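*Asks:* Sequence:
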Amino acid sequence: MTTITLVQASAHGANQIHQMTAQPMNVVITGLQGGNIQYSCTNVLGTLRGAQFVEITYDASVRGNPHERVNVSSVIL
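Reading the sequence shown from the start, the letters are residues 4 to 80 in the numbering used here.
Everything labelled a hint here was simulated from the structure, so no lab data went into it.
Do not take every clue at face value.
Pairwise CB distance ranges, derived in the manner of DEER restraints [stated by the list, open to error]:
1. Val31 - Ser76: 25 to 31 Å
2. Met4 - Gly67: 29 to 35 Å
3. Asn68 - Met4: 27 to 33 Å
4. Gly34 - Glu71: 29 to 35 Å
5. Pro69 - Gly49: 26 to 32 Å
Just so it is clear, the structure is predicted and the values come from calculations on it, not from any experiment.
The beta carbon of each residue, even a glycine, is placed where N, CA and C say it ideally should be.
Make the full structure from the sequences, and use the hints.
*Replies:* The structure is reproduced here in structure tokens:
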């Protein structure tokens with residue numbers, strides 16, 4: 004599985020994320036697990052290589068702003 008490590012912790016873990024998108028390539032991250040700093044996913048490494056940040060949309064269980072943008076530290080296999 005591909006692993007995405009963030010520069011700082013996201014506000015919530017994978018169980019409260021509706022969608023996470025790697026940018027600037029605009030790739031929706033699939034099979035998301037883990038959190039708040041490190042997530043695993045089922046995307047092929049090559050589709051996420053070069054990700055600079057992720058845009059996160061939280062589900063309705065999260066109060067407040069449902070959107071967050073967090074810089075990516077690394078993407079590895």
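*Asks:* Confirm or reject each hint.
*Replies:* To see whether the hints hold, each was checked on the structure:
A C-beta distance of roughly 20 Å is found between valine 31 and serine 76, which places it outside the suggested range of 25 to 31 Å. The hint said 29 to 35 Å for the Cβ distance between methionine 4 and glycine 67, and at roughly 30 Å that hint holds. For asparagine 68 and methionine 4, the Cβ-Cβ distance of about 29 Å falls inside the hinted range of 27 to 33 Å, so the restraint holds. Distance hint check for glycine 34 and glutamate 71: the Cβ-Cβ separation is about 20 Å, which falls outside the suggested range of 29 to 35 Å.
For proline 69 and glycine 49, the Cβ-Cβ distance of about 30 Å falls inside the hinted range of 26 to 32 Å, so the restraint holds.
Comparing the model with each numbered hint stated earlier shows that hints 1, 4 do not hold.
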